[in-house]
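With chain Y's structure known, arrange chains H and G on it following the hints.
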Amino acid sequence: MAPELVFSPELSRQLELWVGAFLTLMIFSFLYKDNPFYKFAEHLFVGVSAAYWMVQGFWGTLMPNLFGKLYPPMVRFAIPQVADQPPDPYKLIPLVFGIFLLMRLIPPVAVTARLAMGLVIGFAAGTNLTRYLQSDFVAQIDHTMMPMVAFHPDGSFALGASFNNLVLVTGVLAGLIYFFFSAEHKGLFGKASRYGIWVLMVAFGAAFGYTVMARISLLTGRMSFLGEWIRSIFS
Amino acid sequence: MFFRIWLPVIVTSIVGIVLVTALYVPHDPFGKLNGDFSEYFNIIAAFAFILGAGNLFKIHLDKIYRKTKGWLFSVVTVAGFLITLVAGLLKLGNTGGWEGDVVQPGSWFAIAYDSMFTPLQATMFSILAFFVASASYRAFRAKNTEATLLLAAALIILLGRTFVGYWMTAWMPDSLEFLTIPALSNWIMSVVNQAGQRAILIGIGLGVISTSLKVILGIERSYLGGE
Amino acid sequence: MASGLAKLGNLDRRIIYLLIALAVVIPLLLKLVFPSITTPIVQNIFDEVEALPPRSKVLLTADYGPSTVPENQPMLEAVARHCLHKGLRLYVATIWATGPPMIENMSENVIQRDFPDIVQGTEWVNLGYKAGNQGVINSAYSDFHNAFPTDARGNAVGSIPMMAEIKRLEDFDLIVAIGSGFPGVKEWIQFGGDPSGVPVAGGVTAVEAPLLYPYYPGQLLGLMGGLQGAAEYEAALVTAYPQFEETSTQAIQNMGPQTVAHLLIITFILVGNIAYFAAGREKPRLGVNR
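Residue numbers (the numbering used here), protein chains in the order written: chain Y, 1 to 235; chain H, 236 to 462; chain G, 463 to 752.
The shape of chain Y in the complex, shown without the other chains (with noise of 0.2 Å):
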């Protein structure tokens, strides 16, 4: 709607570039103390980023999926290419839910809301249990079932496999044991613990190495773009 009010390539690079470095020092100025240019910049994010996600799902789930299949011809001026489709009743069940999850704002209807949430987690408990048993729970454990003595393709014995399936296996234990609270960890019990929180030690520090990895990633993706802003203002 309103194509006059387009703005031209070169407007929007330059109102990214200016506004975008602005909001971004502000941010950054955090690292000093906190101050209202950072408390500013944090407000308007909230508020930009809610109405993003709501435009988002009402023009790419709610208009093509629910209006555009409840009763097709209402998005003709939007979608014109499934106007004409059949219409799909059923899509009442999905309308008439997510106003119960709406009702949720009003504290008088407000337990109408629950229908809503009862599907949602009806869907998502059903789903879950499932594809976590398959994927997280007997996957798993199938590939963690590796020989202890392992060979070549030429059946030479393999030393550097045996000892990586044999590590991963124990440690998948001892891991395992570790969060076994239902019996005391004394004796061997106990010393298979301790070779579990070793484990999970050497996870958390690699876990911790690309954590690193990945915030300066970031930072550097920020930089380069003051590093552009900058080369604007000169050039």
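Nothing false has been slipped in among the hints.
Think about it this way: if two alpha-carbon atoms lie no more than 35 Å apart in a straight line, the pair counts; the simulated DSBU-like pairs of lysine-lysine are:
1. Y:LYS91 x G:LYS629
2. Y:LYS39 x H:LYS302
3. H:LYS378 x Y:LYS191
4. H:LYS449 x H:LYS267
5. G:LYS493 x Y:LYS33
6. G:LYS519 x G:LYS629
7. Y:LYS33 x H:LYS293
8. Y:LYS39 x H:LYS304
9. G:LYS548 x G:LYS629
10. Y:LYS91 x G:LYS519
11. H:LYS449 x Y:LYS191
12. H:LYS449 x Y:LYS186
If you're looking for bench data, these hints aren't it; they were derived computationally from the structure.
Using the frame of chain Y, we list chains H and G on its own:
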């Protein structure tokens, strides 16, 4: 009591049982219901965005009305929300009109996204780099065996994920290749890390399975938000 | 000297912040670049794409937002470039609301720049965003057209030529999920790859990468972890196809600041511990007169 507690629990149980059954009986009606419930979930998830935004609006309008501490910043939140919402819902400045892509370059919504949302979100996450660096210096101490193992693994990974790690041990002969920093780094990730994370994954998987079962059977009802 | 080392432990955090900022800015200004060596876990993805015959169907997802663009965008673009160069059919989608602009950027940087002649609808298609997280994947598993009834431009998928052969998720030959959290690669494995049997490859932020190793190699054929993972895939791509050296090395370029910053963090850890142990030696012993 029936409408507040038991009807939602019945809905949860029916949906959950249908979805579990659909894994073993993919034919109609369970297979079709599996697809239908997935679509309903997708649509209700979109309504949840509207709920979240509406709730945010309500909280901040309340702060402005009552002029509580920091209410001026709530004005910023509400203004940012309304401007972006109107620009996006009405597709202002969109050369494709109503039929155009919502993030069409040059549209007001795209400008709001590129000039505000993107830099704010990116910077919020990138600022963590400074805190990670500060934590590395001030908090990570090799106080005991476990902490030393954690730090040693972190150091090997930090070196191994860059060219410096490769260069530091490039002089080693092929027979000792497994002792080079990149090889040690890959070994830590593919063997030890995999073992530790797999143990955690199996534990979490068991937790999710048992909680899902309790929810479907109506034993766990905390998602309703209280009696 | 021990007293001086102990005082180092109380260094003002703003000096630490400044040093980290310099560790990133100076290599960027000097355009410091280091070679990247592809590890097996990333090479597997490259080899899988290489081995696919032309016209194979690849589902590429962009499930991330602007906060992780430096890590994820190079992965998306490198994989897209590789697939299109091999003549594979690319289906791009996202289950993150912030994904569509990422796909638009990929379209500008890869398709419009390197493959201006390919036609949307016959060689690649942008299916856009659909809300519902894992529900979308679950829906796509049984009926793909129901999960994605329109593409990003609003065209009904039934009218798109390359969608004719896609009825369900298992009709794809490969799923490459680029993500940065929930929903992401894990959900594509659980709800997509495992039930359908379609091989899944992943590209994630470095924070998430260690958590996905349990799925490798049985359920996840390969994983690009963070900026380094992206750089490794770019290195494999540029080695095999040198014509992409100009356009497909953004992750490799950014590894310079990464390397310097890593060395600084290692220095921080070592100096911090030295200062800690030096302070520990200085503590007066109980019961001893001074």
